[in-house]
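Protein chains in written order, with this note's numbering: chain A, 1 to 249; chain B, 1 to 249.
Just so you know, nobody snuck in bad clues.
Copies of the same chain look alike in the list, so a pair counts if it works inside one copy or between any two.
With a cut-off of at most 27 Å between alpha-carbon atoms, the simulated DSS-like pairs for lysine-lysine come out as follows: (1) 131 <-> 92; (2) 116 <-> 28; (3) 152 <-> 92.
The hints are simulated quantities; they were obtained by calculation from the structure and are not laboratory data.
So the chains spell out like this:
Protein chains: 2
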Amino acid sequence: MNIVLFESQEIVGNTVFLEGRRAQHIVKVLRAKPGDNVRVGCINGKMGCGVIKNSNPRQPYSVVLEISLKQSPEPTPQIDIILALPRPVMFKRILRHATALGIGRLYVVNANRVEKSFWDASVMQESFYRKHLIRGLEQAVDTRLPTISFHKGFKPFVESTLPIMSSGYRNLLLAHPDVQSTLSVIFSNQSGRTLLAVGPEGGWVDYERARMQEAGFSMFSIGPRILDVETAVAALHGMVSLLSSATRN
Amino acid sequence: MNIVLFESQEIVGNTVFLEGRRAQHIVKVLRAKPGDNVRVGCINGKMGCGVIKNSNPRQPYSVVLEISLKQSPEPTPQIDIILALPRPVMFKRILRHATALGIGRLYVVNANRVEKSFWDASVMQESFYRKHLIRGLEQAVDTRLPTISFHKGFKPFVESTLPIMSSGYRNLLLAHPDVQSTLSVIFSNQSGRTLLAVGPEGGWVDYERARMQEAGFSMFSIGPRILDVETAVAALHGMVSLLSSATRN
Chain A
1 MNIVLFESQE
11 IVGNTVFLEG
21 RRAQHIVKVL
31 RAKPGDNVRV
41 GCINGKMGCG
51 VIKNSNPRQP
61 YSVVLEISLK
71 QSPEPTPQID
81 IILALPRPVM
91 FKRILRHATA
101 LGIGRLYVVN
111 ANRVEKSFWD
121 ASVMQESFYR
131 KHLIRGLEQA
141 VDTRLPTISF
151 HKGFKPFVES
161 TLPIMSSGYR
171 NLLLAHPDVQ
181 STLSVIFSNQ
191 SGRTLLAVGP
201 EGGWVDYERA
211 RMQEAGFSMF
221 SIGPRILDVE
231 TAVAALHGMV
241 SLLSSATRN
Chain B
1 MNIVLFESQE
11 IVGNTVFLEG
21 RRAQHIVKVL
31 RAKPGDNVRV
41 GCINGKMGCG
51 VIKNSNPRQP
61 YSVVLEISLK
71 QSPEPTPQID
81 IILALPRPVM
91 FKRILRHATA
101 LGIGRLYVVN
111 ANRVEKSFWD
121 ASVMQESFYR
131 KHLIRGLEQA
141 VDTRLPTISF
151 HKGFKPFVES
161 TLPIMSSGYR
171 NLLLAHPDVQ
181 STLSVIFSNQ
191 SGRTLLAVGP
201 EGGWVDYERA
211 RMQEAGFSMF
221 SIGPRILDVE
231 TAVAALHGMV
241 SLLSSATRN
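My request is simple: use the sequences and hints to build the entire structure.
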C-alpha cells in the first residue's frame with residue numbers, strides 16, 4: 001500500500017477515521033505515530049497528505065487523519081483493455097495488475113473458450129471487483145479507478161458496443177500467436193488511445209478474430225511462446241506503454 | 001500445460017511412462033486416448049510428439065507414450081534478469097512467469113530491502129524452484145530451463161560476479177522510478193543480450209544503485225506508477241523484448 005485511499009463519503013470536515021486494513025497498515029507497516037504524515041488520496045479525486053491526529057496502535061487498530069488534498073492524479077492512462085473473462089482467481093490478479101499498470105477502461109467480454117461457469121460467480125458485482133481495482137491503485141499511487149463493464153454476449157459486443165466506441169481509439173490491437181505482423185510494425189505512432197484485446201486461455205476462435213478484424217482490429221504476434229493471460233496482460237501493457245510514450249516524446 | 005515435459009532419464013528406449021499430474025493432464029484435460037498424439041519435450045533437449053500407447057483413464061492415472069523428438073527448442077532468449085529475492089509466494093509466480101516469457105539466466109541477489117527471512121526458506125534448493133521453472137516451460141512450449149543462481153551477498157555479487165559476466169551483455173539496465181531517462185532512449189539498438197535488474201519492493205537503496213552504475217548499468221524509469229515486482233518483471237520483459245525484436249527485424 002503506497003497510498004492510503006478512502007471514499008469521498010468517508011471525509012468528515014477535513015478528517016478521515018480509519019479502522020481495519022488501512023489503520024493496520026499505517027500503524028504496523030509504516031509504524032507511523034501521531035504527528036507523522038502519510039500519503040493519502042480520495043478515490044476518483046485528489047491526492048495529498050494526511051497528518052495522524054490520533055491512533056490506536058493495538059487491535060482494534062484505528063487512525064484519525066487530518067487530510068489536505070491538493071494534487072490531481074496523473075492523466076487517464078492511454079490504454080484500455082478488452083479481456084475475455086478469465087477464471088476468477090486469475091481475474092482478481094489481472095484486475096489488480098492492470099489497474100497498477102494503468103488502464104482507463106476494461107471491457108470484460110465472453111468468448112468461445114471462456115468457461116460458462118466463470119460467469120456464474122459474483123464477478124460482475126461491484127462488491128467483487130472494486131476492491132481489487134483499489135488494491136491496484138494503492139500499489140501504483142493513483143486515485144482514478146478504471147471503468148469496468150461486462151459483456152456476456154460476444155456478438156452484441158462486437159456488433160453494437162465496439163462500433164460506437166472504436167472511433168475513440170488510434171490503435172485497435174489484437175494479440176494472437178499465429179500471425180506475421182509484430183506490434184512495432186502495426187502500431188500507429190500518432191498520438192491517441194490504444195484498445196488492446198486479450199483473449200482467453202487457448203485464444204480467440206476464428207469467428208471471433210474475423211469479427212474483431214471487421215471491427216477494425218489489427219492482429220499482431222509477440223512470438224511463438226504461449227503466455228497465460230495474466231502474464232500476457234502485463235507484458236503487452238509494457239509493450240504498448242513503451243510505444244505510446246515514444247510517441248509522446 | 002501446452003507441452004508435456006519429462007527428464008531425459010525418464011526415457012526408456014523410445015517410451016516414457018507417466019503418472020500423477022502429467023498423466024492426469026493428458027487423460028482428463030486433453031481427453032487423449034490410445035492412438036492420439038500429444039506435444040512432448042525433453043527438459044533441456046528436443047521437442048516432438050508422443051503417441052499414447054496405453055493409458056489408465058481412472059485414478060491412479062497413467063500414460064505410456066511412444067516419443068519422437070526431432071525439433072530443437074527456440075534459441076535462448078536474449079534477456080537475463082537480476083532479481084532481488086522477493087517473498088517466497090511471489091518468487092514462485094515470478095519464476096513461472098519469467099520462464100514463460102523467456103529468459104536465459106536468472107541471478108537472484110540480496111538487497112538492503114530484502115527481508116532476511118526470505119533467505120531462510122528452502123528457496124535456494126533445486127527441489128523448491130525447479131518445478132516452477134518447469135511450469136513456465138510447460139506454459140510457453142519450451143524445453144530450455146533458465147539457469148538460476150543465488151547470491152546472498154550483494155557486495156561480492158557486484159564486485160566479483162558482475163564484472164566477469166557483464167561483458168557478455170549489450171545492455172545492462174536498471175529500472176528505477178526517480179530518473180529521467182526512458183528505456184527507449186538508453187536501449188542500445190545493436191544486437192546482443194540484455195541484463196535487466198529488478199529491485200525489491202521499495203526499490204534499491206542509493207548504495208546499491210551507485211554500485212550497479214559503477215558496474216556499467218544504465219538507469220531508466222517507466223513513469224511515476226509504482227509496480228509490484230511480479231508485474232514489473234512481466235511489463236519490463238515485454239518492453240525489452242519489443243526493443244530487442246525491433247533490433248533483429
